[in-house]
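Numbering-wise (the UniProt record's numbering), the sequence shown opens with residue 1 and increments by one.
Careful: at least some of the hints might be erroneous.
Derived DEER-like restraints, expressed as beta-carbon distance ranges [unchecked claim]:
1) 45 / 89: 24 to 30 Å
2) 85 / 27: 28 to 34 Å
3) 104 / 6: 15 to 21 Å
4) 17 / 71: 14 to 20 Å
5) 88 / 4: 34 to 40 Å
6) 62 / 25: 28 to 34 Å
7) 6 / 39: 31 to 37 Å
8) 104 / 39: 35 to 41 Å
9) 105 / 41: 22 to 28 Å
10) 53 / 89: 32 to 38 Å
11) 45 / 99: 15 to 21 Å
12) 67 / 4: 29 to 35 Å
Because the hints were derived from the structure by calculation, they are not lab data. Backbone N, C-alpha and C define an ideal beta-carbon position, used for all residues, glycine too.
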Amino acid sequence: MRMSLCLHADLKEEDFQHVLAGEITKPFWRPKKPFMSNDLEIAGLFSDTSVGDWYSDTHLNEAALETTIKEQTSRGLTLKDIQGGVYKGEEFYNVIFQELLEPKTRH
Numbered sequence: 001m002r003m004s005l006c007l008h009a010d011l012k013e014e015d016f017q018h019v020l021a022g023e024i025t026k027p028f029w030r031p032k033k034p035f036m037s038n039d040l041e042i043a044g045l046f047s048d049t050s051v052g053d054w055y056s057d058t059h060l061n062e063a064a065l066e067t068t069i070k071e072q073t074s075r076g077l078t079l080k081d082i083q084g085g086v087y088k089g090e091e092f093y094n095v096i097f098q099e100l101l102e103p104k105t106r107h
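Can you make the complete structure from the sequences, with help from the hints?
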C-alpha cells in the first residue's frame with residue numbers, strides 16, 4: 001500500500017488548528033498522530049490514507065475528554081489514539097477516532 005506522511009512540528013494549539021485546516025482540504029489527508037510536548041506544543045503527523053469517517057481534537061481537559069469519547073463512540077467511531085500530559089498541574093489529552101482501524105486499499 002502506498003502512503004504519504006507529512007510532519008509539522010513545534011506548533012502552538014492555534015497553529016496546529018491552522019495546519020490541520022489546510023491539510024484536511026487535500027484528498028484523504030487526516031491527522032495520524034499528534035505528539036504533545038511538555039509545553040503543549042504539537043507535532044502533528046498527517047497521512048493520506050482513508051479510514052472512513054474520523055475525528056481528532058487536542059488539548060482536552062478530563063471533562064471534555066469524557067464528553068468527546070461518548071459523542072464519538074455514539075457516532076460509531078473507535079478511539080485509535082490518545083495521548084495525555086500535564087502542564088502547570090492540569091491534564092490535557094489529544095485524541096483521534098476512526099471509523100476503520102485499518103486504511104482502505106487504494107486501486
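Okay, the hints, checked on the actual structure:
1. 45 / 89: 24 to 30 Å: Since the Cβ atoms of residue 45 and residue 89 sit about 28 Å apart, the hinted range of 24 to 30 Å holds.
2. 85 / 27: 28 to 34 Å: Holds - the Cβ-Cβ distance for residue 85 and residue 27, about 32 Å, lies within 28 to 34 Å.
3. 104 / 6: 15 to 21 Å: Holds, since residue 104 and residue 6 (Cβ atoms, about 19 Å apart) stay within the stated range.
4. 17 / 71: 14 to 20 Å: holds (19 Å)
5. 88 / 4: 34 to 40 Å: holds (36 Å)
6. 62 / 25: 28 to 34 Å: For residue 25 against residue 62, whose Cβ atoms are near 32 Å apart, the range 28 to 34 Å holds.
7. 6 / 39: 31 to 37 Å: At 22 Å between Cβs, range violated.
8. 104 / 39: 35 to 41 Å: For residue 39 against residue 104, whose Cβ atoms are near 36 Å apart, the range 35 to 41 Å holds.
9. 105 / 41: 22 to 28 Å: Violated - the Cβ-Cβ distance for residue 105 and residue 41, about 35 Å, lies outside 22 to 28 Å.
10. 53 / 89: 32 to 38 Å: Since residue 53 and residue 89 have Cβ atoms about 35 Å apart, the given range 32 to 38 Å holds.
11. 45 / 99: 15 to 21 Å: Since the Cβ atoms of residue 45 and residue 99 sit about 19 Å apart, the hinted range of 15 to 21 Å holds.
12. 67 / 4: 29 to 35 Å: holds (33 Å)
When held up to the earlier numbered hints, the structure conflicts with 7 and 9 and fits the remainder.
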